[in-house]
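Novice: Please work from the sequences and hints to get the whole structure.
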Amino acid sequence: MYVIIVGGGKVGYHLAKALRDDGHEVLVIEKDRARCEHLEAELGDIVLRGDGSEVAVMEKAGFNRADMVVAVTGDDEDNLVICQVAKVRFQTPRTIALVNDPKNAEIFHRLGIDHTVNATDAILAQIEQELPVHALIHLLSMRGGGLEMVEVRIPSQAAVAGHRLKDILLPQQSIVALIIEEDGSPKSPDPDTVLHPGDKVVVVTRRENEELLREVFSRPAPLSSPYGPLSLQR
Amino acid sequence: MKVVIMGCGRVGSELASQLDQAGHQVTVLDINPDALRRLPPQFRGRKVIGNGADQDVLRRVGVQDADVFIAVTQGDNRNLMAAQIAKLIFGVPRVLCRIYDPAREEIYRSLGLETVSPTRWSVQVFLQALSQAPGEARREE
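Quick mapping for you: the protein sequence lines, in order, are chains A and B.
10 is the number that the working numbering gives to position 10 of the first sequence; each next residue is one higher, with no gaps.
21 is the number that the working numbering gives to position 21 of the second sequence; each next residue is one higher, with no gaps.
Hint data in this document are derived by calculation from the structure and do not stem from the laboratory.
Just so you know, not all the hints are guaranteed correct.
As the list claims (entries may be wrong) - Some, not all, of what chain B presents toward chain A, calculated at C-beta under 7 Å:
id, residue
1, Ala-53
2, Val-57
3, Asn-77
4, Arg-78
5, Met-81
6, Gln-84
7, Ala-103
8, Ile-107
Unchecked claim - Here are the computed lysine to any residue pairs in the SDA-like style, where the Cα-Cα straight-line distance is at most 25 Å:
id, chain 1, residue 1, chain 2, residue 2
9, B, Lys-87, A, His-109
10, A, Lys-60, B, Ser-110
11, A, Lys-31, B, Gln-124
12, A, Lys-87, B, Val-116
13, A, Lys-87, B, Glu-114
14, A, Lys-103, B, Ala-103
15, A, Lys-103, B, Leu-15
16, A, Lys-87, B, Gly-91
17, A, Lys-60, B, Ala-103
18, B, Lys-87, A, Asp-75
19, B, Lys-87, A, Arg-89
20, A, Lys-60, B, Arg-109
21, A, Lys-103, B, Thr-119
22, A, Lys-87, B, Ser-110
23, A, Lys-60, B, Ser-117
24, A, Lys-103, B, Phe-90
25, A, Lys-31, A, Tyr-2
26, A, Lys-87, B, Arg-120
27, B, Lys-87, A, Gly-145
28, B, Lys-87, A, Gly-144
29, A, Lys-103, B, Thr-27
30, A, Lys-103, B, Gln-55
31, A, Lys-60, B, Val-61
32, A, Lys-87, B, Arg-109
33, A, Lys-87, B, Leu-88
34, A, Lys-103, B, Arg-60
35, A, Lys-31, B, Ser-117
36, B, Lys-87, A, Pro-102
In this text, a Cβ means the ideal position worked out from N, Cα and C, and glycines have one as well.
Specialist: Structure (structure tokens):
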């Protein structure tokens with residue numbers, strides 16, 4: 001695969017290194033001369049100096065044959081234009097933009113960018129993962145329709161533990177897509193699948209139902225009863 | 001007419017000043033407070049310090065109620081992003097955008113953005129001047 005990375009900062013550098021080591025053809029475009037020299041010393045001859053949002057530079061870099069363009073400069077407006085021009089002028093099949101200001105992610109999607117990545121949300125997701133109270137992790141925002149893919153870890157005292165999926169009342173328009181068992185093995189869920197503590201459940205749901213979903217999966221069972229306070233029977 | 005102008009350089013400040021004199025309701029936006037000093041003392045419009053490529057700033061200056069949005073900062077990409085937000089997110093009826101790079105200007109014009117390229121335009125003016133005898137262009141003015 002030929003991947004063009006625009007922006008030779010820390011993200012661009014590590015991305016280029018990882019993709020190159022994976023056997024992909026990689027090119028990094030960077031404006032700053034000193035930074036370019038550093039990148040060349042580290043990565044070898046896969047660096048092009050120039051403004052990656054200039055059409056002439058894009059032509060020189062071979063945007064027309066790139067399988068993927070990744071824009072990871074520090075300026076959102078540059079990342080947006082790079083990906084838009086790649087799409088419109090060079091028909092790049094896949095574009096990914098780094099979003100420095102998380103609220104721009106939604107705008108980028110509406111303006112045609114295939115995929116956005118933002119550090120703030122990624123770190124927040126990591127924090128959510130670390131905090132036991134936050135049992136719900138965002139995996140993916142799907143374009144349009146307000147759907148989210150989230151992961152919920154079933155806590156040890158959860159009311160739903162030991163119950164079959166078909167007996168658990170989920171919020172509307174929520175579908176359990178995948179279960180990852182505690183030992184890490186993935187399992188395709190069916191209505192008779194029984195949930196166990198430590199299972200990770202991947203669910204596609206509507207944004208507004210997230211809290212309810214978290215509640216359903218992580219609510220603890222009362223000590224007096226082996227079954228939860230939720231009405232689990234149909 | 002309610003007009004929001006982003007970028008208070010030579011073009012932005014002059015444009016703001018003339019539209020204000022013509023009786024329009026003008027808001028000028030610039031990230032640099034010094035730039036807003038270019039506006040003449042008699043300017044009656046609103047001056048706001050902020051980044052026009054930030055949707056929160058645009059909302060705060062009321063771009064959703066504007067009739068016209070003009071992006072004339074020094075940065076092509078900044079103008080392009082702000083203009084698209086104004087047009088597609090806030091639904092401003094008339095959006096104008098300056099783009100120095102003729103190649104990018106062509107691409108975004110083909111996407112339906114109303115663009116102005118001073119580069120292309122200046123080149124034409126120079127070529128036209130050269131095709132005339134010296135002094136002729138001046139006499140025409």
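Novice: Look at each hint and say if it fits the structure.
Specialist: Outcome of the hint check:
1. Ala-53: holds (5 Å)
2. Val-57: violated (11 Å)
3. Asn-77: Hint on B/Asn-77: holds, closest Cβ of chain A at ~4 Å, below 7 Å.
4. Arg-78: holds (5 Å)
5. Met-81: holds (4 Å)
6. Gln-84: At 6 Å from the nearest chain A Cβ, B/Gln-84 passes the 7 Å test, so the hint holds.
7. Ala-103: holds (4 Å)
8. Ile-107: Holds: closest Cβ of chain A sits about 5 Å from B/Ile-107, inside 7 Å.
9. B/Lys-87 - A/His-109: It holds: about 15 Å lies between the C-alpha atoms, which stays within 25 Å.
10. A/Lys-60 - B/Ser-110: Roughly 22 Å separates the two Cα atoms, so the pair holds.
11. A/Lys-31 - B/Gln-124: violated (30 Å)
12. A/Lys-87 - B/Val-116: Status holds; Cα separation ~22 Å.
13. A/Lys-87 - B/Glu-114: With a Cα-Cα distance of about 20 Å, the restraint between A/Lys-87 and B/Glu-114 holds, given a limit of 25 Å.
14. A/Lys-103 - B/Ala-103: violated (29 Å)
15. A/Lys-103 - B/Leu-15: violated (31 Å)
16. A/Lys-87 - B/Gly-91: Holds, because 23 Å separates the two Cα atoms, which is no more than 25 Å.
17. A/Lys-60 - B/Ala-103: Holds - the C-alpha atoms of B/Ala-103 and A/Lys-60 are around 14 Å apart, at most 25 Å.
18. B/Lys-87 - A/Asp-75: Satisfied, since the Cα-Cα distance of roughly 21 Å is no more than 25 Å.
19. B/Lys-87 - A/Arg-89: holds (21 Å)
20. A/Lys-60 - B/Arg-109: Measuring from Cα to Cα gives roughly 23 Å; hence the hint holds.
21. A/Lys-103 - B/Thr-119: violated (33 Å)
22. A/Lys-87 - B/Ser-110: holds (13 Å)
23. A/Lys-60 - B/Ser-117: Holds, because 23 Å separates the two Cα atoms, which is no more than 25 Å.
24. A/Lys-103 - B/Phe-90: Answer holds: A/Lys-103 to B/Phe-90 is near 15 Å, not above 25 Å.
25. A/Lys-31 - A/Tyr-2: holds (20 Å)
26. A/Lys-87 - B/Arg-120: The hint holds at about 24 Å.
27. B/Lys-87 - A/Gly-145: holds (22 Å)
28. B/Lys-87 - A/Gly-144: Holds. B/Lys-87 to A/Gly-144 sits at ~19 Å (cutoff 25 Å).
29. A/Lys-103 - B/Thr-27: holds (24 Å)
30. A/Lys-103 - B/Gln-55: holds (8 Å)
31. A/Lys-60 - B/Val-61: violated (41 Å)
32. A/Lys-87 - B/Arg-109: At roughly 15 Å apart (the allowed maximum being 25 Å), B/Arg-109 and A/Lys-87 satisfy the hint.
33. A/Lys-87 - B/Leu-88: holds (18 Å)
34. A/Lys-103 - B/Arg-60: holds (15 Å)
35. A/Lys-31 - B/Ser-117: Cα-Cα ~23 Å, so holds.
36. B/Lys-87 - A/Pro-102: holds (20 Å)
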